[in-house]
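Put together the whole structure using the sequences plus the hints.
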Amino acid sequence: MAEDATDIRDREYCERLVRLQSSKWKTLLRVQAPYRWNLRRLEPGFTLEVGCGIGRNLAHLGGNAVGVDTNPYVVAVAREAGFRAFTPEEYSASEWNRDGAFDSLLLAHVAEHMRRDQLPELLQKYLPQLRSGGKLILITPQEAGFRTDSTHVEFMDLGRLRGVSDELGLVRLRDFSFPFPRLLGRVFAYNEFVCVSRKP
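Residue 914 in our numbering sits at position 200 of the sequence shown, and the numbers go up by one each step.
I should point out that these hints are in silico values taken from the structure, not numbers from a laboratory.
Here a beta-carbon is modelled for each residue, glycine too, at the ideal position from N, C-alpha and C.
Treat the hints loosely; a few may be bogus.
Stated by the list, open to error - Pairwise CB distance ranges (calculated):
#, residue 1, residue 2, range
1, 864, 812, 34 to 40 Å
2, 831, 757, 27 to 33 Å
3, 885, 830, 17 to 23 Å
4, 757, 729, 31 to 37 Å
5, 836, 891, 20 to 26 Å
6, 864, 900, 16 to 22 Å
7, 803, 885, 27 to 33 Å
8, 882, 755, 19 to 25 Å
9, 720, 902, 29 to 35 Å
10, 888, 729, 32 to 38 Å
11, 886, 836, 17 to 23 Å
12, 885, 754, 20 to 26 Å
13, 896, 808, 36 to 42 Å
Put into structure tokens, the structure is as follows:
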């Protein structure tokens, strides 16, 4: 049976993620170390990551997380690495789909793949699983990073992320540029916006 266009896109995107993450120079230089440190210092606890990809952040969290992704190919790669990863349909039927099960809800490099008006709808689907007092952590690329991926749809800066947090009735805790000051985000592809809010 021939693959349809969506299957082909999903498979190619998965192959791209695997290729990028397994680059020898990235492994040798441990380029993910600062990002792992940054995520852990936010003290996310048991985390639900929506848009988990092949499991980079699941690894950063030491496996203390559950991942969900619409791309079945990346879910398969994450599972092969030993992580708890599901498609949305699988997650809905899983033991983890219950109110208040998680300390944090993480969306890292997901929001820019959709329109601003679609983001609250996605978050509302998973917010019930976040305990009261739990954190919503949103991470998006800055300008240079946004330009690196043709599947990016809308640039999501801190203003947009704050607006989503306010719209959902969350309490904003902190937001910042990482790893370098905001100005470098125009030229350094790996500078990120980080926005952290708390569920009342």
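Item to check | Unmet hints by their number, sorted upward, for this structure | outcome: The structure conflicts with no hint, since it agrees with every one listed earlier.
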